[in-house]
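Listed in order, the protein sequences are those of chains A and B.
Reminder that position 286 of the first sequence reads as 286 in the working numbering, one-by-one numbering, no gaps.
Reminder that position 85 of the second sequence reads as 85 in the working numbering, one-by-one numbering, no gaps.
Hints were generated in silico from the structure; no laboratory data involved.
For each residue, glycine too, the CB sits at the ideal point set by N, CA and C.
Keep in mind that a hint or two might mislead.
Claimed, not checked - Partial list, derived from the structure: chain A residues whose beta carbon lies under 7 Å from chain B:
| # | residue |
| --- | --- |
| 1 | Gln266 |
| 2 | Leu273 |
| 3 | Gly281 |
| 4 | Phe285 |
Each chain is listed here by its residues.
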Amino acid sequence: MVNYLLNISNFALIYIILATSSHLLIRVSNQISLGQAAFFGIGAYITALCTQVFHLPIIPSLLIVMLVNGVIAYLIAMPTVKLVGDYFVMATLAFQFIVFSILYNWTSVTGGSEGISGIPSPKLFGIDSISANLDFFILNLVLTLILLFLFYKLQYSMYGKVLKALHINELSLLATGRDTRKIRISVFVISSAFIGWGSYLYATYMSYIDPSSFNIHESIFILIAVLLGSSEKIRGVVIGAAFMILLPEILRFVQIPDTIAAPINQIILGILLLFIVYFRGNSLFSNQST
Amino acid sequence: MVLQYLINAIINGSIISILAIGFALVYNTTRIFHIAYAALYTLSGYVFYQFYELNNFSFLVALLISLAITSIVSLAIDLVVYRTLNKKSLGLHSIMIASIALFIIIINIIVLIWGNSPRLVLNEQLLNFNLFGVSGNRISILATYLLILIALMIFIKKGKFVTIIRSIRDNQTLAGLMGINIGNYRTGVFIISGIIVGIVGSIQAFDVGINPDVGLPVFIYAFIAIIIGGIGRIEGAIIGGYTLGFLQTIAEYFINSQWVVLSIFVILLLFLIYLPKGLLPEKRREL
Numbered sequence: 001m002v003n004y005l006l007n008i009s010n011f012a013l014i015y016i017i018l019a020t021s022s023h024l025l026i027r028v029s030n031q032i033s034l035g036q037a038a039f040f041g042i043g044a045y046i047t048a049l050c051t052q053v054f055h056l057p058i059i060p061s062l063l064i065v066m067l068v069n070g071v072i073a074y075l076i077a078m079p080t081v082k083l084v085g086d087y088f089v090m091a092t093l094a095f096q097f098i099v100f101s102i103l104y105n106w107t108s109v110t111g112g113s114e115g116i117s118g119i120p121s122p123k124l125f126g127i128d129s130i131s132a133n134l135d136f137f138i139l140n141l142v143l144t145l146i147l148l149f150l151f152y153k154l155q156y157s158m159y160g161k162v163l164k165a166l167h168i169n170e171l172s173l174l175a176t177g178r179d180t181r182k183i184r185i186s187v188f189v190i191s192s193a194f195i196g197w198g199s200y201l202y203a204t205y206m207s208y209i210d211p212s213s214f215n216i217h218e219s220i221f222i223l224i225a226v227l228l229g230s231s232e233k234i235r236g237v238v239i240g241a242a243f244m245i246l247l248p249e250i251l252r253f254v255q256i257p258d259t260i261a262a263p264i265n266q267i268i269l270g271i272l273l274l275f276i277v278y279f280r281g282n283s284l285f286s287n288q289s290t
Numbered sequence: 001m002v003l004q005y006l007i008n009a010i011i012n013g014s015i016i017s018i019l020a021i022g023f024a025l026v027y028n029t030t031r032i033f034h035i036a037y038a039a040l041y042t043l044s045g046y047v048f049y050q051f052y053e054l055n056n057f058s059f060l061v062a063l064l065i066s067l068a069i070t071s072i073v074s075l076a077i078d079l080v081v082y083r084t085l086n087k088k089s090l091g092l093h094s095i096m097i098a099s100i101a102l103f104i105i106i107i108n109i110i111v112l113i114w115g116n117s118p119r120l121v122l123n124e125q126l127l128n129f130n131l132f133g134v135s136g137n138r139i140s141i142l143a144t145y146l147l148i149l150i151a152l153m154i155f156i157k158k159g160k161f162v163t164i165i166r167s168i169r170d171n172q173t174l175a176g177l178m179g180i181n182i183g184n185y186r187t188g189v190f191i192i193s194g195i196i197v198g199i200v201g202s203i204q205a206f207d208v209g210i211n212p213d214v215g216l217p218v219f220i221y222a223f224i225a226i227i228i229g230g231i232g233r234i235e236g237a238i239i240g241g242y243t244l245g246f247l248q249t250i251a252e253y254f255i256n257s258q259w260v261v262l263s264i265f266v267i268l269l270l271f272l273i274y275l276p277k278g279l280l281p282e283k284r285r286e287l
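Bound conformation, chain A alone (with noise of 0.2 Å):
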């Protein structure tokens, strides 16, 4: 039963750090993603890398794993940020297709399909390997506030006002003699090396990533999460990731057979999103953006 708890709370931490990264990039930029998945599988290949190959500790790993995703970030953003509305989600769209295709068909460096197993846990200060589920959580707690503490405090910053003004009125930003083309590009380069968070520990915890858990679904997962807690603080995130987490352990709590309990997981989320989009669609994006 505790182990049950723990393993839970494990994903819903995880969770809560893709959503805070993208939280981040979604709500406060204005720019709906559907390629926070590819970014969130590039960390974890670039984790089971370094790990399994170069068997580094956690903060190298953290530190290599930020790095590669705000490379890559940097670059797809360098283009693509002046896009707007549906072509800049088609452009992360093609992103997510591009990554997945590698993933998936580069067999001889990804393992393709059968993806890449046996990769260790995590080693901190001379502990060796944390692998028991209890110590994982308490390394994962750690991280997750750590992230959540990094963006709260990022939000009542100068930066983090500035990005409040983007959201707001981007033109008057831009009278201001704010380069607002800079900032989408470090928010999109932040929210996807914050993410390579969150695939560290998955992959670690998981000791086994294949490109299935990197797709498009993932994506539009991600997505909902942000938007379910449906308040620009960070806090409805926490809630909205950790609901996703929830729900499917509530379905089989009250007896759904398990091979409708997926569908109707992803139909009530549906119709959340829906009266999401109702009751609070003024709140959730800055209309000037459209």
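Chain B: place on chain A using the hints.
Just chain B now, kept in the frame of chain A:
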């Protein structure tokens, strides 16, 4: 062998072109990133499968039922969801999210009804002839698609309907003031796009089978075709569609088929970045 590849290329190109036109109708009128369109494609295939394969109806009857259901659902999506949200004057971003939600809901209802595993239409002995080693079915499918494309061309080029739709897109208030009943035209657009997606979805289910995941890639290809060809002109959708169809087939023929998707999306990214208006940008006077 070459002939077969050629026919494949033309069929693929026609599918993408037709779907692109159906999507462009909605997109140009409402500016909604109508992802639920992909779910309609899947739905039409399953409805056709249900009536043709499981209930043993004739091809034509099954197709008509499928078209009816798809266009009704398409219209319902607009009436119940899009227009409600429009009335609340929500931004297009929010409506896109609603469309994604509808996509998820429809696809999962399909999974609930028909299950997750791929389904094949088996009793497809329709036409028992061969032409240069190509089966009669393939040829009649090809002919059907070309006929639909020609019909759509005539409909869009000659009819008044599309002119009015353009005026609605350009200035909804002004079009309303000119006495155009915008609601009725919107209804027409969603029914027609439902029929278009229903035809292709049903024939594809008949030809290559169906699974819950078929919709999204096809939708994405259709949107890519519009971006490559240029938004706002039917020739653009057709040129984009055939470019993709031939590219797909050539890539399958010369390089490994597993890299086809990758090459198409790389081309999309290049277009988005360097030629966002596509090959045939719409000529418009600036106001």
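Consistency of the hints with the structure:
Nearest Cβ of chain B to the Cβ of Gln266 (chain A): about 4 Å, under the 7 Å cut. The hint holds. Among the interface hints, the one on Leu273 (chain A) holds; its C-beta lies about 4 Å from the nearest C-beta in chain B, closer than the 7 Å criterion. With its C-beta approaching chain B no nearer than about 4 Å, Gly281 (chain A) sits inside the 7 Å limit, and its interface hint holds. Given hint, Phe285 (chain A) at the interface with chain B, holds; its Cβ is 4 Å from that chain's nearest Cβ, closer than 7 Å.
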